[in-house]
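Guided by the hints, dock chain B onto chain A, whose structure is given.
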Amino acid sequence: MTGELPANLKANPRLSRWLRFDATGFIELSPGKVEIGQGILTALAQIAADELDVDLTRIRMIPVTTAASPNEGTTSGSLSIEQSGSAVRHASAQARSIYVAAAARRLGVATQTLTVEDGTIVGPGNLRTSYWELADDALLQRDAVAGAVPKMPSARRVAGTPAARLDIPDKVFGRPRFVHDLMLPGLLHGRVLKPAAPGAKLTALEEASVRARPGIVAVVRHGSFAGLVALTEAAAQAGVDALRKAATWSGEPMLPDETNLAQWLKGEPVETTIVADKRAPTPVPGLRTVRRQYSRPFIAHAAMAPSCAIAQWSGSDRVHIWSHCQGAYGLRADTALALGIPPENIVVEHVEGAGCYGHNGADDVAFDAVLLARATEVAGRPVRVQWSREDELAWAPMGAAMAIELEAELDAGGDILDWRSQVWSNGHVSRPGRMPIPTVLSASLLAKPFERLIAFNPPMTMGGGAERNSVPLYDFGSMRVTCHRLLTMPIRTSALRTLGAFANIFAIESFMDELAAERGENPLAFRLRYLKDERARGVLEAAAKRAGWNAWRKREGAGHGIAFGRYKNFGAYCAVVAEVEGDADIRVCRLVVAVDVGEVVNPDGVANQMEGGAIQATSWTLKEAVRFDRQRVTSDTWETYPILRFSEVPAVEVEILNRPEERSLGAGEAAHPPTAAAIGNAIFDALGVRVRDLPITRERIIAAMG
Amino acid sequence: MSSDTSIKLNVNGSERTVEADPASSLLGVLRNQLGLTGTRYGCGANQCGACHVLIEGQAVAACDTPLWAAAGKNIVTVEGLGTPERPHPLQRAFIAEQACQCGYCLSGVLISAAALLKRNPNPSEVEVRAALDRNLCRCGAHNRIVRAVQRAAKEAL
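If you read the protein sequences in the order shown, they are chains A and B. Mapping the first sequence onto my numbering, position 78 (from 1) lands on 78, and the numbers just tick up by one. Mapping the second sequence onto my numbering, position 59 (from 1) lands on 1059, and the numbers just tick up by one.
Between beta-carbon pairs, the in silico distance windows are:
#, chain 1, residue 1, chain 2, residue 2, range
1, A, Arg60, B, Glu1056, 39 to 45 Å
2, A, Arg60, B, Gly1035, 23 to 29 Å
3, B, Glu1085, A, Arg106, 35 to 41 Å
4, B, Asp1064, A, Leu446, 32 to 38 Å
5, A, Met183, B, Ala1069, 22 to 28 Å
6, A, Ile437, B, Arg1016, 45 to 51 Å
7, B, Glu1056, A, Leu446, 49 to 55 Å
8, A, Glu133, B, Asp1064, 53 to 59 Å
9, B, Asn1074, A, Asp136, 53 to 59 Å
10, B, Glu1127, A, Asp118, 42 to 48 Å
Chain A regions said to be covered by chain B (calculated; three or more residues, Cβ under 8 Å):
#, stretch
11, 28-39
12, 165-172
Since the hints were made in silico from the structure, they are not lab data. Where a beta carbon is used, it is the ideal one built from N, C-alpha and C, also for glycine.
Okay, chain A solo, but in the shape it has when bound (with noise of 0.2 Å):
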């Protein structure tokens, strides 16, 4: 028997929250988990089918709302596959042994006796009876109990196949099911006027004239808030233009130098943690000591769409929004902190947004649409907000820039004795919902507004932010990490795919490469001497593997790189070889990524996952900084931020090391920060030249060339 509930299950016992099943012949789950393009629906459904013996067709999703799905928390943190998917499976385990138990009733024979086939439930001789007949809201109004065993996975048959994504047909049929196409009735369209610059306030708005435009319902202020609602999108469109003119903002340039990002950040005022100290037992003075200091910018999550929501108020005090937020409940709970409503008089409803990379402007048009829904010429209409592209590339939450400094003492062989590494980053989360006061944008901005939270990180035993894998997984002798979050917060800085692992990994592989170089040896066989972990030994020898590694023959303006990761040390494992051609004129050719995420649930899904991290971390690395004056973000269109293109894209091959006695772990983050360590230590093969600052550009690489 299996011990205790899995945690979000325990949590929200009630199996009647998770599952019911239809007459009509199929079962709707409901996981307080949500769909941001990363396939989880069809994962979790492949889960449920297998514990309760359906077809995957049978089980329909449920997008998450808060007046009735379980609280998971928020999609992030590559944890849904085993949160939610240890929840689903227990609760379906227990809801098919209710149902079979109903039927053994109804049959009059013993439970051991039945076999359940696509959802009919088969008895000795001619018996036979099935959910649908037996479906009955009633059988699920109780709590789970600790207890219920779950199949074998060698049982399992839908989970472990790759089986389609629920979702993609409607996406690729152009079928509404984006918030972007939600059509209400009586729906109005609103715009908000985002602040000429982070800090300035709103000193004048001559808002009668654009009241008066054609189509105009209400103009919003309060304080540095401002926006209207209109009857078409084009006249709120067109009246936001004439609002801006309208408006006069004051503020002093409270924007770092971009210049000299790390400079900045090791001069700001900072909390300071140790993060690791492990000394050894009989300390070795090193014979000299090696110091480099890497960085990355501020990176925009630079979604596909820009943030929508929609919010209807009934009376003064409830309100229903749609939203493609992560945290359905955080951010009602924000929303009710920044309004002073009970949280009850709040829904969140998810619906599907453009893929969603963490903490983006979701939860911020939310609750910009709830106060423009809130005007009272909008008479309880549902009001439809859409940020444009300008500010959802300068306003959404920015990941945060960092320094690293890494120091090795080494011995006369060029061995690590000590490792010690200084992180400086902003923190890496302000999501909603987590703090007593709101970090919705336009909380800041209202009359009264709410200060602005400066991002923290979360603990270590959640995987920290900043100091996000800054410890190395290699065994050094002796290693101190210290982490120094900054308490200042010009740019805006949360949850973004990764958190600090993308730059710590960065750091800690370009400098183990580096130490490999100085050392002559292989940088695979470096690393390996100091890997005890047989996962991650396995992972670096199947990239090394596929990609022939050993068979690497050097040409003029060709390399490769290698280099490991594992997310959050207790998360997936990953490693990639990067191969790349030219001069400073870098292109990345060829990605190959080995990853273990325990036992696969679905293996095109994990593929998927990892293809589009190894792409998405290639933009990062090549392409992607957030640019600013000392006023404002100026990144805020495609041109200013472009991002990797079809031409530009590497072939990714990936390869899955299946392992179904060990417990699944997520995909979604596994592969940017080796990626990004894995290019640049390919730009150093070939070209001879490091680039220790990311982006790696054509102007970094010609000034490394010196």
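Frame of chain A, contents of chain B only:
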């Protein structure tokens, strides 16, 4: 400010009449007046490809195409490419290759690919990538998308 006019559009093979400002964007009219929400808004500046539609067989950005420029011409949106019952070869291939992550860019990508296959039924990988370079994908589904376009081409030959 110009006022609304009656404008005839030929969308997905049928004639539609809308009352709109001739200077307004085709994208807004498709989505808000004709209910064809498959064509997505991404940037409003012809920089991302999410709103591509076919106009006389060419893939163009609906966001910065004024209505007057589209009047009287043959417009095809993603909804006009095919249906689940009668899918376009590209739609079939995109499902077969699972060429999608979030799918927000897909409508525009499918349209660009359809325009490509019309003028070049058997494109090389390099040609597919070049034809899709105006379409941004943020999730990293590019290689699946390229494989799907080549699969569709092969199956249609």
